[in-house]
Amino acid sequence: MVPFIIRRLIGMVAVLFGVSVLVFIVFILLPGGDPAERMAGKNPTPQNIVNIREKWGFDRPFYVQYVKMMQKAGTGLLPGPHGEYDILRSFDTRQDVVHEIKKGIPATFSLCIGAGIIWLVFGILVGVFSAVKAGRWSDRLITTFALIGVSMPVFWLGLVLRYFLAEKPAHPRFPDGGYVPLTTDPAEWALHLILPWFCLSVLFIGFYGRVLRSNMLDTMNEDYVRTARAKGLRSNQILMRHVLRNSLIPIVSLFGLDFAAVLGGGAILTETVFDLKGVGWYAAQSVGGLDLPPIMGVTLYGSFFIVLFSALVDFFYAYLDPRIRPT
Amino acid sequence: MAEPATDLPFDSAAFLASEEHEVAIVGRSPWYLAWRRLRRNYFALFSLFVFVLIVACCALAPVYARHVAHTGPNEVHVSEKVKVDGKLTPVVGGGSYYDAKTNRFVVKAPTYLGPTWWHANGRFVLGTDNLGRDVAVRLLYGGLNSLKIGIGSALICTFVAVFLALLGGYFGGWIDWIVSRFFDLIWAFPVLLLAIALGSALAVNGFHHFGISIEPGSLWIPTLVISYVLIPYVGRPVRGQVLSLREKEFVEAAIGGGAGPLRVMFSDLLPNIASTVLVFFTLIIANNILTEAGLSFLGAGVRLPDPSWGNLIASGQDQIQTAPWLALVPGIAIVLTVLSLNIFGDGLRDALDPRAKVRIEH
Chain A
1 MVPFIIRRLI
11 GMVAVLFGVS
21 VLVFIVFILL
31 PGGDPAERMA
41 GKNPTPQNIV
51 NIREKWGFDR
61 PFYVQYVKMM
71 QKAGTGLLPG
81 PHGEYDILRS
91 FDTRQDVVHE
101 IKKGIPATFS
111 LCIGAGIIWL
121 VFGILVGVFS
131 AVKAGRWSDR
141 LITTFALIGV
151 SMPVFWLGLV
161 LRYFLAEKPA
171 HPRFPDGGYV
181 PLTTDPAEWA
191 LHLILPWFCL
201 SVLFIGFYGR
211 VLRSNMLDTM
221 NEDYVRTARA
231 KGLRSNQILM
241 RHVLRNSLIP
251 IVSLFGLDFA
261 AVLGGGAILT
271 ETVFDLKGVG
281 WYAAQSVGGL
291 DLPPIMGVTL
301 YGSFFIVLFS
311 ALVDFFYAYL
321 DPRIRPT
Chain B
328 MAEPATDLPF
338 DSAAFLASEE
348 HEVAIVGRSP
358 WYLAWRRLRR
368 NYFALFSLFV
378 FVLIVACCAL
388 APVYARHVAH
398 TGPNEVHVSE
408 KVKVDGKLTP
418 VVGGGSYYDA
428 KTNRFVVKAP
438 TYLGPTWWHA
448 NGRFVLGTDN
458 LGRDVAVRLL
468 YGGLNSLKIG
478 IGSALICTFV
488 AVFLALLGGY
498 FGGWIDWIVS
508 RFFDLIWAFP
518 VLLLAIALGS
528 ALAVNGFHHF
538 GISIEPGSLW
548 IPTLVISYVL
558 IPYVGRPVRG
568 QVLSLREKEF
578 VEAAIGGGAG
588 PLRVMFSDLL
598 PNIASTVLVF
608 FTLIIANNIL
618 TEAGLSFLGA
628 GVRLPDPSWG
638 NLIASGQDQI
648 QTAPWLALVP
658 GIAIVLTVLS
668 LNIFGDGLRD
678 ALDPRAKVRI
688 EH
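Quick mapping for you: the protein sequence lines, in order, are chains A and B.
Sequential numbering from 1 applies to the first sequence in the working numbering.
Sequential numbering from 328 applies to the second sequence in the working numbering.
Hint data in this document are derived by calculation from the structure and do not stem from the laboratory.
Glycine residues also receive a C-beta, built at the ideal position from the N, C-alpha and C atoms.
A portion of the hints provided could be inaccurate.
For each label pair, taking beta carbons as the anchor points, the in silico distance ranges come out as [as the list claims (entries may be wrong)]: (1) A:G232 with B:G584: 51 to 57 Å; (2) B:E542 with A:F164: 15 to 21 Å; (3) A:M240 with B:W444: 51 to 57 Å; (4) B:L663 with A:I25: 35 to 41 Å; (5) A:E54 with B:H397: 58 to 64 Å; (6) B:G567 with A:R245: 20 to 26 Å.
If you want the ones that stay clear, here's a sample from chain A, every Cβ over 10 Å from chain B, calculated [what the hints assert, rightly or not]: (7) V160; (8) N236; (9) V287; (10) V298; (11) T299; (12) F316; (13) L320.
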């Protein structure tokens with residue numbers, strides 16, 4: 001197990017390196033033009049541009065620029081005040097990007113952890129129910145709903161929910177967007193998050209339900225299930241111990257990656273629609289003004305979560321199934 | 328040539344069958360068998376019909392604009408009036424105006440002409456937006472852009488992904504290593520964030536590298552961005568399939584028969600993964616339309632004033648209290664399109680993979 005973990009950790013570092021190089025290419029090399037001028041924001045002084053060019057190494061080869069960029073991203077993580085050119089700063093507002101991302105984390109985590117629990121539980125329920133009832137009208141009905149769920153744009157569903165439940169009624173039951181910290185008022189916190197939780201979960205419930213249904217139906221055809229039936233086990237026992245347990249393995253890895261993606265700012269659409277001032281919301285605010293550093297910061301932050309979680313999923317897999325370890 | 332051992336003709340089974348019951352066994356290709364299964368799935372066929380209908384409607388957007396609505400997608404009609412059921416109604420009402428009788432400026436909340444359906448001779452069928460533009464015309468043009476991007480990026484994405492998967496799966500070794508790491512790298516980003524990053528980085532100055540020049544407002548930017556970020560989602564499963572096919576005897580036989588790598592890849596391996604690729608292609612169009620909508624909603628896809636279903640919803644968002652149809656209608660269009668593609672894709676998979684048929688009958 002130990003060599004496997006070491007090998008996997010080395011692979012993780014390699015992917016993180018690749019990610020940072022790709023981020024560097026996308027944000028510094030791809031846009032073209034003089035990066036220093038872009039970075040100086042609106043109405044810069046010539047001295048400002050010269051300073052940035054020197055601090056970011058834009059007059060030097062690309063690998064020096066890459067190292068400088070990573071240094072600044074790293075310096076931002078350290079506590080304490082930072083100089084004007086030492087860290088990633090927004091083009092427009094000159095705010096510290098890492099600091100702004102940290103401010104968004106409570107809202108994003110509240111949204112994602114709640115939604116994650118909801119979609120995992122209901123996704124499994126939908127999958128098991130429709131697999132057990134496969135072919136009957138109740139299965140048809142529930143799979144049709146699941147299909148509609150995966151076909152809806154998340155932000156549109158959010159808008160519709162917000163309009164009909166929080167804006168149109170004379171006495172709305174739900175607040176019209178926004179986020180209240182858990183420490184301020186737990187009841188308001190939950191009330192503000194009910195619609196976003198639902199909205200973010202719908203797509204995943206539909207998707208997980210469909211995946212689990214077809215996995216379970218495949219597993220029911222396996223020889224060991226037939227053997228279990230031949231041994232005289234009760235059908236509920238077969239369903240829980242043999243079918244569901246084996247069908248859940250792919251769901252574990254799906255959940256690990258999807259959960260990491262939404263934690264890392266992948267819930268950007270839900271956060272934007274409901275004015276939840278989270279990490280994804282922060283990136284979305286910067287799109288309109290083409291303010292690249294916040295988007296760059298959030299992209300790095302998000303991929304960090306995905307890489308970390310996919311390693312964790314692999315460890316969990318290796319723990320569950322020893323056959324995976326050698327590869 | 329030696330005589331055959333018996334006096335039966337070569338296709339003995341067909342010959343015997345024709346002797347017995349006056350029926351011949353006809354060789355049927357797997358594609359024909361799949362078509363026969365699909366033909367019986369009325370639900371999937373109906374979905375295909377809906378999708379084709381939506382595509383046709385959007386393709387006819389210029390005709391509709393010119394001959395029915397008599398306006399273009401970006402023409403404003405703020406200060407005009409139209410006859411609805413013979414009654415003259417302002418397209419955009421309210422705002423501030425000078426009232427000569429009371430000699431005062433009056434300020435009223437703006438009102439937008441709602442859906443007229445067919446009561447205004449085909450004008451403003453789905454109402455107007457805050458600039459007095461015809462929503463139905465913008466919806467069709469927006470659909471045209473969304474479908475162009477969705478289908479175009481699905482084509483590019485599937486083509487590149489299948490090519491890379493064949494390359495990696497066939498050659499193995501370091502080529503496969505590079506292909507897999509490339510997939511891993513894109514896989515390591517949240518899809519929408521990478522798309523937004525690329526979309527907004529390219530929106531600054533467009534793309535001017537390697538002798539290719541794309542202007543910032545071009546539809547090519549969202550098309551290429553979406554196809555790029557989704558490559559591993561098609562490439563990974565296809566590569567897995569190629570890897571297992573690579574070990575099959577028929578590939579060995581083809582190589583033994585003197586076939587080169589290209590020949591093996593395209594005439595032995597490709598036909599065997601074609602059904603998977605076809606299903607992926609259908610489902611990835613649906614996925615790409617959703618991704619485009621999200622991207623344009625956030626402002627990193629199709630840029631205003633060019634309409635697309637995503638940015639129509641985004642601009643309708645601010646007026647949802649006064650003119651809810653602005654955000655609702657494009658969303659319904661997206662749901663219908665994506666749903667029809669998903670149902671058809673499912674049907675196609677069931678038809679091409681008969682094992683799925685066994686599943687349903689459990």
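Outcome of the hint check:
1. A:G232 with B:G584: 51 to 57 Å: holds (53 Å)
2. B:E542 with A:F164: 15 to 21 Å: The hinted range 15 to 21 Å is violated for B:E542 and A:F164, with Cβ atoms some 40 Å apart.
3. A:M240 with B:W444: 51 to 57 Å: holds (54 Å)
4. B:L663 with A:I25: 35 to 41 Å: Check passed, 38 Å falls within 35 to 41 Å.
5. A:E54 with B:H397: 58 to 64 Å: Holds, at about 59 Å.
6. B:G567 with A:R245: 20 to 26 Å: This hint holds: roughly 24 Å between Cβ atoms.
7. V160: violated (7 Å)
8. N236: holds (16 Å)
9. V287: Non-interface label fails for A:V287: nearest chain B Cβ at 5 Å, not farther than 10 Å.
10. V298: Non-interface label fails for A:V298: nearest chain B Cβ at 6 Å, not farther than 10 Å.
11. T299: Not fine: 5 Å to the nearest Cβ puts A:T299 too close to chain B.
12. F316: holds (18 Å)
13. L320: Consistent with the label, A:L320 stays out of reach of chain B, its closest Cβ about 21 Å off (over 10 Å).
Checked against the numbered hints given earlier, this structure breaks hints 2, 7, 9, 10, 11; the rest are met.
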